[in-house]
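Visitor: Letter by letter, the chains look like this.
2 protein chains.
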Amino acid sequence: MWTYETSLVWNADETGTERALGRPDWAISSPPEFGGKSDKWNPELMLVASVESCLMLTALSVAKRQKIEIKAYSSRATGQMAKTADGLRFTEIRAHVILEVDLGVDPARAEQLIRIAEKYCPVSNALKCPLHVTVEVHTR
Amino acid sequence: MWTYETSLVWNADETGTERALGRPDWAISSPPEFGGKSDKWNPELMLVASVESCLMLTALSVAKRQKIEIKAYSSRATGQMAKTADGLRFTEIRAHVILEVDLGVDPARAEQLIRIAEKYCPVSNALKCPLHVTVEVHTR
Numbered sequence: 001m002w003t004y005e006t007s008l009v010w011n012a013d014e015t016g017t018e019r020a021l022g023r024p025d026w027a028i029s030s031p032p033e034f035g036g037k038s039d040k041w042n043p044e045l046m047l048v049a050s051v052e053s054c055l056m057l058t059a060l061s062v063a064k065r066q067k068i069e070i071k072a073y074s075s076r077a078t079g080q081m082a083k084t085a086d087g088l089r090f091t092e093i094r095a096h097v098i099l100e101v102d103l104g105v106d107p108a109r110a111e112q113l114i115r116i117a118e119k120y121c122p123v124s125n126a127l128k129c130p131l132h133v134t135v136e137v138h139t140r
Numbered sequence: 001m002w003t004y005e006t007s008l009v010w011n012a013d014e015t016g017t018e019r020a021l022g023r024p025d026w027a028i029s030s031p032p033e034f035g036g037k038s039d040k041w042n043p044e045l046m047l048v049a050s051v052e053s054c055l056m057l058t059a060l061s062v063a064k065r066q067k068i069e070i071k072a073y074s075s076r077a078t079g080q081m082a083k084t085a086d087g088l089r090f091t092e093i094r095a096h097v098i099l100e101v102d103l104g105v106d107p108a109r110a111e112q113l114i115r116i117a118e119k120y121c122p123v124s125n126a127l128k129c130p131l132h133v134t135v136e137v138h139t140r
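The listed protein sequences correspond, in order, to chains A and B. Going letter by letter, the first sequence gives residues 1 to 140 in this note's numbering. Going letter by letter, the second sequence gives residues 1 to 140 in this note's numbering.
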């Protein structure tokens, strides 16, 4: 069992500071469309970033175990939020992963890394809304 | 409908950089217990922070609408992750909120702000695992 602890303090208006032991302070705000600041991370972006980064770190860990060398990894992710009868709700999160592997690696096997990561990533597994992942593999 | 977009690039080992347009870059890593760095935010902490900050910003917005003046707001939050047959899974997230309001405000009404925020916070509503929130109200 592992515990992840954060703390938060409200500063003024729609802004606050998130803290976690040993990490840099993190200024947060409401999204600009709800009265917040566009130069600060907001909870919606943080949720998308946590899914996106968990997917990558899980994939890297699977690659290591399978002894597949990753040359480069990048991704883009989007979260869609809609107004529903119950209030604002995330309807889906999408991620597009660009993976670079050695010429000798089967691209299908590289894509499979991401599919396994999707299955094991604890953050995306904590979500109710669907996660759609597309993968692009480059060899060099 | 609103879209929240992030991007991620892998740096080396178990670290990467999360980006969102106009916001500061955000260095991320696996948790130290899975081979990452203890001085960087990890996806598990980011998930907890996104729930915690969404709860606060939703509560502040409800307070504004109800014309209840908040003097101070802070919280602590924890996410529990356990090893299950399906891999690592979040089992629950807990938040403890400390709210300070004017002497004239009914503490029960102040607590109610948080209960309403729980109901409407889009991030906690995106989660499968239960969120338990306790509230402490101080008047001054």
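Heads up, some of the hints might be wrong.
When chains are identical, the list treats them as one kind, so a pair holds in a single copy or across two.
[Claimed, not checked] Here are the simulated lysine-lysine pairs, DSS-like style, with alpha carbons at most 25 Å apart: (1) 37 <-> 67; (2) 83 <-> 37; (3) 128 <-> 64; (4) 83 <-> 64; (5) 128 <-> 83; (6) 37 <-> 64; (7) 119 <-> 37; (8) 128 <-> 37; (9) 67 <-> 128; (10) 37 <-> 71; (11) 67 <-> 83; (12) 128 <-> 71; (13) 64 <-> 119; (14) 67 <-> 119; (15) 83 <-> 119; (16) 71 <-> 119; (17) 83 <-> 71.
Treat the hints as calculated values from the structure; they're not laboratory data. Given the structure is predicted, the values throughout are model-derived calculations rather than measurements.
Visitor: Now, for every hint given, state plainly whether the structure supports it.
Guide: Going through the hints against the structure:
1. 37 <-> 67: between (44 Å within a copy, 22 Å between copies)
2. 83 <-> 37: This pair counts as within: shortest intra-copy Cα distance 21 Å, inter-copy 38 Å.
3. 128 <-> 64: neither (29 Å within a copy, 29 Å between copies)
4. 83 <-> 64: between (41 Å within a copy, 20 Å between copies)
5. 128 <-> 83: both (16 Å within a copy, 19 Å between copies)
6. 37 <-> 64: between (39 Å within a copy, 17 Å between copies)
7. 119 <-> 37: Between copies only: 24 Å across, 35 Å inside.
8. 128 <-> 37: The answer is neither: 28 Å in one copy and 29 Å across copies each exceed 25 Å.
9. 67 <-> 128: Neither, since 32 Å and 33 Å both go past 25 Å.
10. 37 <-> 71: The answer is between: 21 Å across copies meets 25 Å, while 36 Å in one copy does not.
11. 67 <-> 83: The answer is between: 23 Å across copies meets 25 Å, while 45 Å in one copy does not.
12. 128 <-> 71: neither (32 Å within a copy, 34 Å between copies)
13. 64 <-> 119: within (17 Å within a copy, 41 Å between copies)
14. 67 <-> 119: Classified as within: same-chain Cα gap 19 Å, cross-chain 45 Å, threshold 25 Å.
15. 83 <-> 119: Between copies, since 14 Å is at most 25 Å while 29 Å is not.
16. 71 <-> 119: Answer is within: at 22 Å inside a copy they meet the 25 Å cutoff, but 44 Å across does not.
17. 83 <-> 71: neither (41 Å within a copy, 30 Å between copies)
The structure does not agree with the numbered hints 3, 8, 9, 12 and 17 stated previously, though it agrees with the rest.
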